[in-house]
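Peer 1: Residue-level listing of the chains:
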Amino acid sequence: GGIITQTPKFLIGQEGQKLTLKCQQNFNHDTMYWYRQDSGKGLRLIYYSITENDLQKGDLSEGYDASREKKSSFSLTVTSAQKNEMAVFLCASSPRDWGGYEQYFGPGTRLTVL
Amino acid sequence: QQKVQQSPESLTVSEGAMASLNCTFSDGTSDNFRWYRQHSGKGLEVLVSIFSDGEKEEGRFTAHLNRASLHVSLHIREPQPSDSAVYLCAIQPGNYKYVFGAGTRLKVIA
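Each protein sequence line maps, in turn, to chains A and B. The first sequence begins at 23 in the working numbering and counts up by one. The second sequence begins at 2 in the working numbering and counts up by one.
It is worth saying that the hints were derived from the structure and are not from the lab. Remember, it's a predicted structure, so these values are computed and weren't measured experimentally. Any given hint could turn out to be false.
A few chain B residues facing chain A, derived, Cβ under 10 angstroms [claimed, not checked]:
| hint | residue |
| --- | --- |
| 1 | Y37 |
| 2 | K98 |
| 3 | Y99 |
Yeah, the Cβ is synthetic: ideal placement off N, Cα and C, and Gly gets one too.
Please put together the full structure from these sequences, using the hints given.
Peer 2: Structure below.
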């Protein structure tokens with residue numbers, strides 16, 4: 023088995039601040055994802071990385087940057103936090119994207135912007 | 002763009018009664034359908050993955066897929082209070098593309 027760790031668990035920022043969220047996985051999975059989860063809405067894909075040094079934009083990439091430092095870690099940066107923003111950011115990984123492989127999710131980082 | 006709707010938004014059932022959750026999608030071209038559970042403050046846990054029309058059982062969880070009706074359901078047999086969580090339906094319309102529903106909040110009362 024393996025685990026996905028997200029840090030921090032809670033993140034409070036100020037409007038306009040640049041904020042970084044981190045994700046580590048020890049599954050040795052190739053592909054990693056960042057999703058945003060808003061209350062009452064489904065998960066929306068922000069960025070994904072097919073393999074180390076790869077970055078792909080999802081449907082919600084505007085306002086975010088991502089970095090795949092190594093195979094096991096994937097970071098997400100909120101480039102300018104928006105006042106009253108509140109969401110949970112979920113990191114996931116999978117061995118591949120074809121063949122019905124599962125995505126495994128971390129516990130999330132809860133963001134609040136004051 | 003593929004859309005996923007889940008119903009009901011919330012559901013309360015008694016311990017031991019069957020719980021049924023529904024998910025409809027906008028076109029039948031996807032191959033992969035999954036049901037996830039999310040306990041409060043936790044990540045998503047996959048319950049059932051189904052790739053062809055029909056039924057797929059994983060323990061107390063059974064998914065039914067009917068692509069012609071654009072519908073996939075989840076039935077939870079003998080639900081327990083520990084099954085109280087948000088249940089999310091997800092479809093995969095293409096490589097690296099997943100579309101999630103907004104979820105059904107299930108409460109199981111003893």
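Peer 1: Checking hints one by one. Is Y99 (chain B) an interface residue toward chain A, by the C-beta closer than 10 angstroms rule?
Peer 2: holds (7 angstroms)
Peer 1: With 10 angstroms as the cut and Cβ atoms as the points, is K98 (chain B) at the interface with chain A?
Peer 2: Holds, about 8 angstroms.
Peer 1: At a threshold of 10 angstroms, is the proposed contact between Y37 (chain B) and chain A supported by beta-carbon distances?
Peer 2: holds (8 angstroms)
In terms of the numbered hints stated before, the structure departs from none.
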